[in-house]
Every structure is written in C-alpha cells, then in structure tokens.
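The chain contents come next:
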Amino acid sequence: MFDILSRIRRTGRLSEPYPVPDTDQTASTAIQRELHAVFGRALCIRHVDAGSCNGCELEIHALSNAYYNLEGAGIRFVASPRHADVLLVTGPVSVNMEDALRQTYEAMPDPKWVLAVGDCAVCGGLFGANYATRGPISAIVPVDAVVAGCPPTPLAIMRGLLQITSKRPA
Amino acid sequence: MNPMWPDFLDTECVPLPSNVAACRVQVDAARWCEAADAMREAGADLLSLWGSDDRDRDQCLRVHAAYLLRDRVVVVEHAMPADRPIYPSLATRFPAAGRLQRATYDLLGIRADAGDMRPWLRHGGWPEGVFPLRRDVAATQTWPVTSSPYPFIPVSGDGVHEMTAGPVHAGTIEPGRFQLAVVGEKVLRLEVRLGYTHKGIAKRFEAMAQCDAHRLAAHICGDSTVAFSWAYCAALEAITASTPSPRALVLRGLALERERIANHLGDLGGLANDVGFAFGQTQFSSLKEQLLRHNAELFGQRYLFDFVVPGGVASDLPARALPGMLDEIAALERAVGDLRGIYARHEGLQDRFLGAGRLTPAQAAALGAIGLAGRASGVARDLRVDQPWSPYDQSSPALATSTEGDVAARVQVRFEETLESLRLCRQWLQALPAGERVCEVPVAPAGQLGIGLIEGWRGPVMLALETGPAGGIRRCRAHDPSWQNWPLLEVAILGNIVADFPLINKSFNLSYSGHDG
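First to last, the protein sequences are chains A and B.
The opening position of the first sequence corresponds to residue 1 in UniProt numbering, with each subsequent residue numbered one higher.
The opening position of the second sequence corresponds to residue 1 in UniProt numbering, with each subsequent residue numbered one higher.
Careful: at least some of the hints might be erroneous.
[As the list claims (entries may be wrong)] Covered stretches of chain A (in silico footprint by chain B; criterion: 3 or more residues with CB under 8 Å from a CB of chain B, positions within the stretch not fixed):
#1 5 to 15
#2 59 to 72
#3 107 to 119
#4 122 to 129
#5 148 to 156
Everything labelled a hint here was simulated from the structure, so no lab data went into it.
Keep in mind that this is a model prediction, so the values were computed, not measured.
All residues carry an ideal CB built from backbone N, CA and C; glycine is no exception.
Starting from the given sequences, assemble the full structure and let the hints guide the process.
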C-alpha cells in the first residue's frame, strides 16, 4: 500500500486545463447553442466504430487519461445508445457495419447529435467507397459536426466536443 | 531433415525478394497436401493463406499458403482452372486455415474442399456468387446490404443460456460479435464472428501506385501502423533491390519498438482497469501519453502513421533530441520497474490474473498460436530473434516467454518485452549510424512478388506484394497475426466465469481491423 501511495504522491496532478473552443468554427455555433440550452455542460456519448483502423479509437481512449481528464468536464462515454446524447462515429462506414450504425442511431432518444471523428468518418479517407465501404458517415446517418485528422489528436476531439457543450459564444 | 520432407520443397523452390529468407514453389493438389503435412511435421506456422485471380494471365485462380519455418518463409502456390476452383483444405492440419479459407471464398470464389463453409467476411454487403476481388468486378461497384443472419453453432442443454455481445460493444473498442453459451457463471462455449470492419483494402491496393501504397498499409491496423508500413516498404524495397541506409533502418527499429512500448503500456494499464485497479490504469495511461507526446515532438505525429516510407523514413532525428530520448528511456525503465513490483505485490490483482484464461502450451502448439499470445503459452518464437532483419541482426534482442499461458503470463511477457524494447532503443541511440534519410526506390517491373515480414507488437505481420504494370500493384495481401490468435480466445475462455471475459479478451488484445482487412 505504501508504495502505491508514494507513487501517487510522486506522480502528482497531471490534468491540464481544458482547451478553449475554437470560436472561428461558426458552423457549429447553432449546435452549441442548442446543446447548451438542453444539457448545460454534461454530455453522454455513445461511440460506434463503423469500420475504423483503430487509430481514432486510440485517441478516444487517450481522452480518459489523466492529462485530458474528459470526465472532469462532465463528458462521459456510456454503454447504451438509450443513454446517449451524442453519437461519436469513427471510420468509413463498412457495409458490414451499416445496419449496426443505423440501429444505434435509431435507438438514441431525441434530441441527438452526431459527431463524425477522423478523416475517414468525415470524407471516407484513404479507403473511399467500394464494395465494402460506404465512405463518410453522412452517407448513412445525418452528421451535425465533424473533427478532421488522421487520427485527430485528443485535443482536437475535445475541442469538437466542447464546441457543442460550452457556453454560448459572445 | 525429417523423413516426411519432400524433395520438391528444396529442389523446386525459387528464392523470393524479402527482408527475411523466403522462397516460393508451384504445386499441384497432391503436393499442396504433401507440403502442408511436411510443414506441420517440421513445426512450421501457417503464416497466411490467400487467393489471387490470374485468369487474365493463364486462365487460373490461385491459392497461396505462406509457411513460417524457423529459418525461412516458404510460399506454396496452387493453380486451379477457373471453372473448378477447389483445393484441398488445410484446416485439419492448421486450424488457423479455416477462417482464411472462408474469407478467400468470399472474396475470390476459390473454395476449400472440406470444413466450415459459412461466409466469413461477406455479411450480406454483396450478393452470394459475386466475388469482389476478381478482376472483372469494378473497383467502384457497390451493392445494397441484404439481411443475412449468421448461423452460430447452437448450444443447448439443461441450464444453458446464450448471451450475445456486439458488434457494437459497451466500451470504445472495435466491432465484433461474441456469442457466449453459459451455465450459471461459467462459459461453456464462445464463438466469435468478425469481418465487421472489412474495408476492401486488398481491392483498394490494386488501384494504388507502388510508391504511394505504404500509406494504405499504414491504415490496415492503426495500432500496428509501423509494422504494416514497414512490411510494405520491405517488400517493395526487396523487389527493387533498394537498401535503405543503416540510419534509416535503425530509425525504423526505434519507431517499431516505440509502437510496441506504447501498446504494451496501454494494455498493462487496461488490464489493471479490468480488475478494478484504477491506479494501474492511471499510471500506465499517463506513461503512454508521455511517450506519444514525445513522438509528436520527435517525429511530428503521436502515432507514426506516415513515418516509414519506401526507401527510408519521413523524418530524421536531430542530434539534440538524443539526450532527451535517453532520459525518457531511463525514466520509463524506472517507472515500469516500480509498477511491475506494485503489480506483483498486489494480491487482489494477482488473484484475478493468475489462472484466468489459461491457454496451455499443448493447446497453443495445436492451434498454431503465434506472437505475444503464443510466447505466453510456451511458443518461444520471435522473428526479431529467430530471423532478425536489419537492424535487429546487430542487436540480439532477448526472447520473453512463459509456459503458464494465463492472463498473468501475458502480463509478464508484456512487462519483459517493454523493458527489452527500451534496452534496444538505448543501444541504438547510443550508436546511431550515419546515412541518408531516404534512398531512391525505382519503379518495379510488373509481375514481381516480394514478401515483407515484421514482428509487430502482436506478432508477425506479413505482406505479400505482387507488382503490376506502370508502377502499379497487381495484388497485395496484408496479414495480421490476429487471424491465428482469435481462435485461441475461444479456447482460453472455456470454464472461466463470464465476468472475466473482458479481462481475458483484453489480455490477448487482438485486432479487428487488421484481421477484417
């Protein structure tokens, strides 16, 4: 026990201040306003990997480490789509995940928002569309906001999320 | 040599360009079986199995099996007439062949003559009888999804009930489906269904240029991006007889070991988290984050997706970065050593790790386990040790193994490999050779086959590249070791309680995207 406590003391506090939402991104302003009116700063996310290479998932995992401390901002990942406000989708949509993605979206209660994370989710990325993929998420479910990058950094994903939760910009 | 070894495997084998010793041999159906028997007898692994459509060239469809012997790779190729593309199944000799053969049928319509005939990659996204990897199917053609329920093998009996998980899981993980049959709390049977992230990567390769396709290889499996992009570049460089400078090769080695360290750190934390020891997760995920941030400073990216390029690497290390990297290694060694002690002394943690999800050495050998999961069950193989390519041929890495085969053994192997990778990195940094960042890689002529084989953090990543005309690609088969190791999970879970499934699954941490392709 002593070694654990001593390590915790030596590690100290690693969490960093949350990023300031990008005020230039006026496209998301409407969602911000809407979401903030409904949820304040709390937000529940259901993540669906619709065919990703797993790169974006690694960065989503990183959001939970001590440095980014996403839960500290009132944002958490939930197991059921029934509990979710936001559907966070990664990957180009594979045809084998098309139904599962649609069903997850339909299982979420209204109001709901979809955040497409990563270049594949935004535009199909390197994989494009072929017999096995449909390309961007917007080919299957309506998308409200996007975070580009391959993979996007945890900070970029946080900005994307905070865009839709932070206080209304002046 | 053993008496089963047929002569043609020596006399008719033609050397193949590769970063390790490799050769190919053309066989008929009888020799296809003879070769498989000989390989099984010699203790070889089935490294991969794939098909190709060569009807434009010689009216044949082909099936290829790559075997990994202790000292070389042998690619056995069997041509079949296009109107009767059936070959003898390898699944009784090499269990890993079963799913590979099903996938080969789904994509190319080449069928094994026995065994499980259920579709594997085709979930209803394209019609039965359409084989998308054939050359007469246009790269852009698509079909609507039709419902096609998968016939899981039913389990019944007194007190048996079935549970389904996936393809969308409760956490942030890749999609796959697990069908569990349980009695009380105990798992009676597990059947895994994969293929959900199948992206048609093989078809996509065929539309790419040789000089550009390393970027696609890097996105086959995001957590093994260095291993896959290196395997691609190694194959292309072997075909074109281009040799990256010693410096570029050492930089690739550093990148591959940093990828191994990052994944092991992530898993060591995740495994503690799965037994409710949040301290371990916090510590290891912080160490991983520090490593990734250092990657961003050193290489301009947290995950090294675009670092390995044909002929070398995308960026060099400035001399001023070296002291910081050596300090980082020393700090990581201390932290990992401390945490290993804490894990070892934590009774609650060890109580959950010890004996959970045991895969015995006999089971591992019978199933053809490879890579990290194999090493934890007594399969003492590591390409970096057995068939070292440059820069590993100069650095004698040590093998980490266990014969216990449980979660604790897979944790132990990760700890030891992490420390060994840190040692390798230090050794390279202390004597970083000089050389060009990148060498010129000429356009390869059409019809050349090359093999790239790299020991990624999960195990051997193999890529077989056949060049096409005008700097194009005719066929590219990229193989993740998860193909071999997914079936292990179905055995290791038996008799364990359902609540330990996430822990046992995590201890293997197999790839979905790398497998699905």
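Status of each hint after checking the structure:
Coverage of the stretch 5 to 15 of chain A by chain B holds. Counting CB-CB distances below 8 Å, 4 residues qualify, and the rule asks for three or more. Chain B is given as covering the stretch 59 to 72 of chain A, and this holds because 8 residues of the stretch bring a CB closer than 8 Å to a CB of that chain, at least three being needed. Counting residues of the stretch 107 to 119 of chain A whose beta carbon lies closer than 8 Å to any beta carbon of chain B gives 0, which falls below the threshold of three, so the coverage claim is violated. For a cut-off of 8 Å, the count of residues in the stretch 122 to 129 of chain A with a CB near a CB of chain B stands at 5, and the three-residue condition holds.
Residues of the stretch 148 to 156 of chain A lying with their CB closer than 8 Å to a CB of chain B number 3, which satisfies the three-residue condition for coverage.
Violated hints amount to a single one, hint 3; each of the other numbered hints is respected by the structure.
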